[in-house]
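> Top line first, the protein sequences correspond to chains A, B, C and D. No gaps in the numbering here: position 104 of the first sequence is 181 in my numbering, and each next residue is one more. No gaps in the numbering here: position 116 of the second sequence is 193 in my numbering, and each next residue is one more. No gaps in the numbering here: position 38 of the third sequence is 115 in my numbering, and each next residue is one more. No gaps in the numbering here: position 104 of the fourth sequence is 181 in my numbering, and each next residue is one more.
It is worth saying that the hints were derived from the structure and are not from the lab. Quantities reported herein were computed from a predicted structural model and do not represent experimental measurements. A few of these clues could be false.
To be verified - Derived, one-sided and incomplete: chain B residues facing chain C with beta-carbon distance under 8 Å: (1) C86; (2) E92; (3) G95; (4) E118; (5) L120; (6) N121; (7) G144; (8) S222; (9) D225; (10) I316.
What the hints assert, rightly or not - Derived lysine to aspartate or glutamate pairs resembling DMTMM-like cross-links, with alpha carbons at most 20 Å apart: (11) K218(D) - E114(D); (12) K96(B) - D360(C); (13) K96(C) - E370(B); (14) K96(B) - E162(B).
Note that CB positions come from ideal geometry on N, CA and C, so glycine has one too.
What follows is each chain in one-letter form.
Number of protein chains: 4
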Amino acid sequence: MNTIGKIFCISLYGESHGKAVGVVIDGCPAGISLTEEDFAEDLNRRKAGAEGTTTRTESDKPILLSGVFDGHTNGAPIHIAFRNENIRSSDYEQFIDIPRPGHADFSAMMKFQGWQDPRGSGHFSGRVSIGLVAAAVVAKKILNSFSDIVFRTRLLEAGGSRDIDKAVYQAKESGDSIGALVEIRVSGVPAGWGEPFFDTAESIISHYIFAVPAVRGVEFGDGFAAAKMRGSQHNDPFIDLHGRTARNGAGGINGGITNGNDILLRVAVKPASSIASTQNTLDFSRDEMVNLEIHGRHDACIALRGAVVLEAATACALADLALVARAEAPFISNIPWRKS
Amino acid sequence: MNTIGKIFCISLYGESHGKAVGVVIDGCPAGISLTEEDFAEDLNRRKAGAEGTTTRTESDKPILLSGVFDGHTNGAPIHIAFRNENIRSSDYEQFIDIPRPGHADFSAMMKFQGWQDPRGSGHFSGRVSIGLVAAAVVAKKILNSFSDIVFRTRLLEAGGSRDIDKAVYQAKESGDSIGALVEIRVSGVPAGWGEPFFDTAESIISHYIFAVPAVRGVEFGDGFAAAKMRGSQHNDPFIDLHGRTARNGAGGINGGITNGNDILLRVAVKPASSIASTQNTLDFSRDEMVNLEIHGRHDACIALRGAVVLEAATACALADLALVARAEAPFISNIPWRKS
Amino acid sequence: MNTIGKIFCISLYGESHGKAVGVVIDGCPAGISLTEEDFAEDLNRRKAGAEGTTTRTESDKPILLSGVFDGHTNGAPIHIAFRNENIRSSDYEQFIDIPRPGHADFSAMMKFQGWQDPRGSGHFSGRVSIGLVAAAVVAKKILNSFSDIVFRTRLLEAGGSRDIDKAVYQAKESGDSIGALVEIRVSGVPAGWGEPFFDTAESIISHYIFAVPAVRGVEFGDGFAAAKMRGSQHNDPFIDLHGRTARNGAGGINGGITNGNDILLRVAVKPASSIASTQNTLDFSRDEMVNLEIHGRHDACIALRGAVVLEAATACALADLALVARAEAPFISNIPWRKS
Amino acid sequence: MNTIGKIFCISLYGESHGKAVGVVIDGCPAGISLTEEDFAEDLNRRKAGAEGTTTRTESDKPILLSGVFDGHTNGAPIHIAFRNENIRSSDYEQFIDIPRPGHADFSAMMKFQGWQDPRGSGHFSGRVSIGLVAAAVVAKKILNSFSDIVFRTRLLEAGGSRDIDKAVYQAKESGDSIGALVEIRVSGVPAGWGEPFFDTAESIISHYIFAVPAVRGVEFGDGFAAAKMRGSQHNDPFIDLHGRTARNGAGGINGGITNGNDILLRVAVKPASSIASTQNTLDFSRDEMVNLEIHGRHDACIALRGAVVLEAATACALADLALVARAEAPFISNIPWRKS
């Protein structure tokens, strides 16, 4: 489905070469200040134009179609739309017969039985993620109504190298693409968010993260390194009454519930599937292997633009967790340390 | 929430030292054969008793309380209950003041404001996962109504070593625990399952996987290695009309939709939090650091028993994806290769 | 589905002649006092034994299997089970070939393709509603955490008569059954509950009410009489700063949101389908009309026992609306009358 | 929430005097023919201009922003937008202090704490229902992929009279409004749709119906008359192997599941709240009773335009029930009459 969230509920729509893409946000509390300017910073981080990103540029101007009155959310669904511009639909027909390796061309053909929109990858385009970034602008405002919550997102490495600029340059030069590792750190999240058994903080965050195209893995805290560790190394002893821990191997989450320490996750982003160099793959219409060349505008490292999308996914997940926790909060406290 | 699934919908309940734990399954098609014997194999895989697992043993006998008539599912909710036996609730009170490092003691205290059941970790106990394993027995039967689907699950390494028996033995000897890496491979899944944008196959599977206690990371196909790769390496060229690919770096999923190749994922399981050796951590009631000793029955490597739980999580996720895909399947086909 | 509710989420299971029926409640805030005694009053109101009700009696003893610790909800799912006793499964086979008029026999046969449990109507039995009554005991406690909320439920008429005892007696004497009109009035509900567009207070309440077997109609406030009225008659002018209105033609709900006045609804309950007198209907196995006699224990007026079930449905609906409203409440107020 | 549906999932957005209103439809199977012309008939039925309807006219031209490719649904969300035109926002400020009787002004003020959009009733305007009518055009196409399904909707009476034209004329002349009774009959619905316990066909349909502004009551088949009937009168004996019944007191639904007979429901629509004549109500800012005059364009009988909206609500409900039933359909049949 294209709708997610129990309370903070977002619905994405749009195809790469359709008239518009956008998001409808439902369940946002009324009274939160919101203007079109609020979206500029995060949308800029997602923009093309930098080294290693596609040369397709778009105005990316958010249009607030509903849900805001007099500069504040009004309790009704917030619709943020983006016109599609700068569209070239010339070269998609070949991908119907020769599904691109690594793309959704084949699996979408099977699922939608040939009815999918093939122009510019249709609804599978990275273009659709702009709505998620827009929704997260609202999500972050909700989060900040609870506490001062700060997101710090960065690329740790690309193509296996920490010299990311160089790695991207080299990939581009060779008509190839590279994957990358993105870290997201969220400070200020209060203890108590997350709804186990099934809606643990990790479950909800990973659900959103794996919706972002090109993600291959998600880990929290020590992550895959924990598989190699001993309990005496991995456990995080508590050191103060706020629940701060000596280290943060749990990534700020115990038993699926936030513990007040930084939420810390890393995301493996695969190399972009569209590459300039030739690939040998099947022509399904003729049942023979052919050499495929994908022309057009490619990202050498999608994680450059994708980092803010992954941050957005995390923010939307946390906003929903926050509002659900608010709904279910006990009416009275029974914490023994605070009793007397 | 303790309920998950859009069509194949499962609800877990129970605490470690309560009267019973179990699962209620809703949305299972009628007419699927089901008896209490069907549960034996997977429940045995989850059982304690092997080297490196807790010595708490339970009968683990499934009681089919509803939803089955004359040896078949009848369309009503299927309730599978397990009595709790072999309970010792003696030693939990200390963990109210001194939350165990790595456990949910502190975060649950914050969320439930002191009202949580502290006996044997309450609803946070691994005991609750038995319901998930039971639900998966039904899920697998649904999956096999679509196609011959085979699960192969194994521990790749424990504590960083491929000699798993030895690693577990050593951890146990030293009063410690170790993490492990679990691989799940699912063969026979048809192309076309998964509901992007938000309910990609990876999103749904990871949602269930991260609900299983002690999971720190999930990766599909090449996973975190993809972050270091080039597109020309990572892309999977198609080689036959079934959509088989030359390699399987995507883990059987493109664009969030299954492509007919094996679903392949790896899960990082942390070392068990309860260890015999002493840990220095905060006594919240006195606001001072103390040495905590956790007595009782510990798992040296929870992944030994957890592997089948992770497989169960995957099976339940796939069953729901399968039924949702069935609901939304196009009424007629427009696949060009199949037209004439 | 057998699960309902966004936050206060209840799942029913069980068949009439199975081992047990019950309910699992998820999303209930921790810290609410709850014992098995709390259920006695409402369960008694649902009990058989009075004039005009079936002579099948059951112990109806609630068994709290999970979710309660030390007399309070603990934040985990609350499971309330009831053993089935006093079962006679002798005479159901004839209803497979000759579906009873007014019953679910035929439509269930079509939906479940013959796999449904036919014993005592299986999951379609009124027996299942006991779980709803149990859930409502918890729902009412949640509601009372917000405000003093009082339910007043009564039969307005049965078989068209206000002398209900007499009407029931006559129906029983003639081997027949009668319908009835039930009124539910809820005082103390604060203004602001209800989530239009789709989850208006009426939408949510009617959703639960129409789940109760035998309901044929629901109306709020003036209800069907409003269809015959003029706006100048039907509109409710406000008369004080609490939002009290001069009359209550809206049944306490404007624009799908509670307005602080009494919630007022009436429910049309059909006559029980099982009657002692002979009915001419189709034998599907022979494709010919036959005279059907339904032996066994019948309710002459199911609304006698059903009234508390309808009240329970309303209570569960309101509890979920209350918790959702809590989640989405604005963080700051902008009500002009309260500003200075 | 403004989103409804488990599989056929629709999300409404927009305010009366905002830039646009519309609907996003998710979960629609791919391959269904759809053009902007398909919407004309139902949108015309909802249009103003006839005797007794408001004189605010709008182009009501649907703009298909996504989800359709080459004249067919493509499996991605279908976004149908409508620009708002012909807006006059002059006179809403008085309703902040003097909430209009029968309107959502007061209850919305309480819920959204003053942040709601007051212009033209904001998101509470009947304008929003245009998205529901548009969604139903798609819903009806889905329904017709299952079977030939025909909707017949009509006003049975207005203001208590069967001479509806005359009743509307008189109401208008006297500066007043009148309620009406709407009947919806749906032929061709197969047996087997509906998901008890909670998602009975009546529960789902009534959920959607009560979301339509101004609905005060819903009844199926004999409806409230059933409360006055005997079982021997109300029961519907079966008369043929299709499950046809001699009469249709159940409105085509037994045990919450469709039985193959016509779905039959009646809806009580209240008189429009906005009337030209003076009303005595509270001025909250001054805490005194005042005479309120509501200027502007009023509907004398909203059911004239609302009938198609109620039909649309029913169609969307049935489409979701149909797709859910498809998901859960047994893989093999065990119906005894069909065995040999």
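> Does each hint hold? Answer for all of them.
Cross-check of the supplied hints:
Interface restraint check: C86(B) against chain C, minimum CB-CB distance 6 Å, threshold 8 Å, status holds. Checking E92(B) against chain C by beta carbon gives a least distance of about 6 Å; that is within 8 Å, so the hint holds. Look at G95(B): its Cβ gets to within about 5 Å of chain C, closer than 8 Å, so that hint holds up. Interface restraint check: E118(B) against chain C, minimum CB-CB distance 24 Å, threshold 8 Å, status violated.
Nearest Cβ of chain C to the Cβ of L120(B): about 19 Å, over the 8 Å cut. The hint is violated. With a cut of 8 Å, the hint placing N121(B) at the interface with chain C is violated, because the nearest CB-to-CB distance is about 24 Å. Look at G144(B): its Cβ gets to within about 7 Å of chain C, closer than 8 Å, so that hint holds up. Checking S222(B) against chain C: minimum C-beta separation of about 13 Å lies over 8 Å; hint violated.
The restraint placing D225(B) at the interface with chain C is violated, with a minimum CB-CB distance near 23 Å, outside the 8 Å limit. Taking 8 Å as the C-beta contact cut-off toward chain C, the hint placing I316(B) at the interface is violated, the least distance being around 40 Å. The straight-line distance between the Cα atoms of K218(D) and E114(D) is roughly 14 Å, inside the 20 Å bound, and the hint therefore holds. Annotation: proposed proximity of K96(B) to D360(C) is violated, straight-line Cα distance about 47 Å (limit 20 Å).
Distance hint between K96(C) and E370(B) is unfulfilled; the C-alpha atoms sit about 44 Å from each other, more than 20 Å. For a cut-off of 20 Å, the pair hint linking K96(B) to E162(B) stands: about 8 Å separates their Cα positions.
Of the numbered hints stated above, those contradicted by the structure are hints 4, 5, 6, 8, 9, 10, 12, 13, listed in ascending order.
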